[in-house]
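**Q** The residues making up each chain are set out below.
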Amino acid sequence: MPSMARAATTTDAFNAVAEPRRRRILDALAVGDRRVNDLVGLLDISQPQVSKHLKVLREVGLVRVRKEGRERVYRLDGHSLKPIHDWVRTYERIWSERFDALDEVLADLKAKEEGNGDGDK
Amino acid sequence: METVTSSGSAKLTLPSDTEIHVTREFAAPKHLVYKAVTTPELVKRWWNAKRGQVTTADIDLREGGKWRYVMAAENGFEVGFHGEYRDIVPNERIVSTEVFEGAPDPESNGTVNTMTLKERDGRTTLTVLIQCPSKEVRDAIIESGMEAGLQDAYDLLEEVAISLPAGS
Numbered sequence: 122m123p124s125m126a127r128a129a130t131t132t133d134a135f136n137a138v139a140e141p142r143r144r145r146i147l148d149a150l151a152v153g154d155r156r157v158n159d160l161v162g163l164l165d166i167s168q169p170q171v172s173k174h175l176k177v178l179r180e181v182g183l184v185r186v187r188k189e190g191r192e193r194v195y196r197l198d199g200h201s202l203k204p205i206h207d208w209v210r211t212y213e214r215i216w217s218e219r220f221d222a223l224d225e226v227l228a229d230l231k232a233k234e235e236g237n238g239d240g241d242k
Numbered sequence: 091m092e093t094v095t096s097s098g099s100a101k102l103t104l105p106s107d108t109e110i111h112v113t114r115e116f117a118a119p120k121h122l123v124y125k126a127v128t129t130p131e132l133v134k135r136w137w138n139a140k141r142g143q144v145t146t147a148d149i150d151l152r153e154g155g156k157w158r159y160v161m162a163a164e165n166g167f168e169v170g171f172h173g174e175y176r177d178i179v180p181n182e183r184i185v186s187t188e189v190f191e192g193a194p195d196p197e198s199n200g201t202v203n204t205m206t207l208k209e210r211d212g213r214t215t216l217t218v219l220i221q222c223p224s225k226e227v228r229d230a231i232i233e234s235g236m237e238a239g240l241q242d243a244y245d246l247l248e249e250v251a252i253s254l255p256a257g258s
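The listed protein sequences correspond, in order, to chains P and D. For the record, in the first sequence the residue sitting at position 92 is 213 according to my numbering, with numbers rising by one throughout. For the record, in the second sequence the residue sitting at position 35 is 125 according to my numbering, with numbers rising by one throughout.
Chain D with its partners taken away, still in its complex shape:
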């Protein structure tokens, strides 16, 4: 029986001023990874990690078909993402557009994401290449990580504060 523990952390690189490249290996064959990333009830289980809930995962998996994910953060705040499938090769590759609905002028600040699956010895390497319309958009996406990181820090601070005895 193989271990199914975490296969390590995601590796993120910036191949150019307008691109973000993420890669990660999974202890599963590619048809299962493909299933997990294209089935709404499964996407709801992982897409937002532990940062609140995915309340909507609409997937019309065909070229020209639309997708939309909505997540509700713990503070009740909702954020939506949507896009369109441009190219689909089952179990191999999905090219889609992605628009963050909270961005200024969302439709013109969307990205083109290419997800690729490569299997070797029963393990699958998933890569996502995010192509942004400008360096500003790419930087804003990375900044969104800063905000989440900051939120973690606040949460931690709050836990520590709560654990302190009153009056200390």
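One chain only, chain P, in its complex shape:
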């Protein structure tokens, strides 16, 4: 079990989505659940390749699998994308702070313009 916990780390989810074909698989699964053969047809990637990438995605918890009759159906699990979401949010906050400061500058410029029309000193 410790190895399972290890596999679900942030770094691993990041690595998993760094591969372009794996991102295409995730994009396809974002639209709906798919069987391996659906993905092979949709993405024009060979079946062994699709299976290999699905295995990586399953290991980091980005994708879940269930059996329907004799077939395995894959589903996207958005939870493990949260670290990536958080990763982007921190950078977004820098812009938010920068723009909050810009709000203050704009308020001053507006006050000047509405005041006596004498914007320049």
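The set of hints was computed from the structure by calculation and includes no laboratory data. Some hints could be false.
[Claimed, not checked] 30 Å max Cα-Cα, derived DSSO-like pairs, lysine-lysine:
1) D:K101 with D:K156
2) P:K233 with D:K225
3) D:K208 with P:K231
4) D:K134 with D:K208
5) D:K225 with P:K176
6) P:K231 with D:K156
7) D:K125 with D:K101
8) D:K156 with D:K125
9) P:K231 with D:K125
10) P:K233 with D:K125
11) D:K208 with P:K233
12) D:K225 with D:K208
13) P:K188 with P:K173
14) D:K125 with D:K208
15) D:K101 with P:K173
16) D:K225 with D:K101
17) P:K231 with D:K225
18) P:K203 with P:K173
19) D:K140 with P:K188
20) D:K156 with D:K225
21) D:K225 with P:K203
22) D:K134 with D:K156
23) D:K101 with P:K203
24) P:K203 with D:K140
Chain D: place on chain P using the hints.
**A** Below, chain D without anything else, positioned relative to chain P:
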């Protein structure tokens, strides 16, 4: 009298592996937003938010003209950014290059930034599209946010530590 409080937080999306898109609405007409983003003494007031001071804001606002901003962080550490204006439509759009001087091989890891202003009912939506030469550069830029976030966390930790009574 309109309120001039914060119009909300910036919205950041990643349209592709090599792009960053930021958008934000301001309670001001676009000519004032344009003025605030192109006038050195005004840029110094907002560009670095509350993270230290902008010590240099050189703006030669014409196609082919150069710009350079330097900020001094609270720890005295200076970081510089510079670039060149490629396309300027006053009050509408500025396309410029941006190089982070602290990056490895800075000149070849620069970005192309397109800032666009759209006004509606006296309010302006500012968008910035940052186009990076590679996914690595884009990721490094986003990582810079992680570092700043981490620094905030350390600062907060320090404040909390200072507020604790000695010996606790």
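**Q** It remains to establish, for every hint, whether it holds in the given structure.
**A** For each hint, the structure was consulted:
no., hint, result
1, D:K101 with D:K156, "holds (28 Å)"
2, P:K233 with D:K225, "violated (43 Å)"
3, D:K208 with P:K231, "holds (17 Å)"
4, D:K134 with D:K208, "holds (23 Å)"
5, D:K225 with P:K176, "holds (24 Å)"
6, P:K231 with D:K156, "holds (28 Å)"
7, D:K125 with D:K101, "holds (22 Å)"
8, D:K156 with D:K125, "holds (17 Å)"
9, P:K231 with D:K125, "holds (11 Å)"
10, P:K233 with D:K125, "holds (13 Å)"
11, D:K208 with P:K233, "holds (22 Å)"
12, D:K225 with D:K208, "holds (29 Å)"
13, P:K188 with P:K173, "holds (18 Å)"
14, D:K125 with D:K208, "holds (14 Å)"
15, D:K101 with P:K173, "violated (35 Å)"
16, D:K225 with D:K101, "holds (20 Å)"
17, P:K231 with D:K225, "violated (40 Å)"
18, P:K203 with P:K173, "holds (23 Å)"
19, D:K140 with P:K188, "violated (54 Å)"
20, D:K156 with D:K225, "holds (26 Å)"
21, D:K225 with P:K203, "holds (20 Å)"
22, D:K134 with D:K156, "holds (17 Å)"
23, D:K101 with P:K203, "holds (17 Å)"
24, P:K203 with D:K140, "holds (28 Å)"
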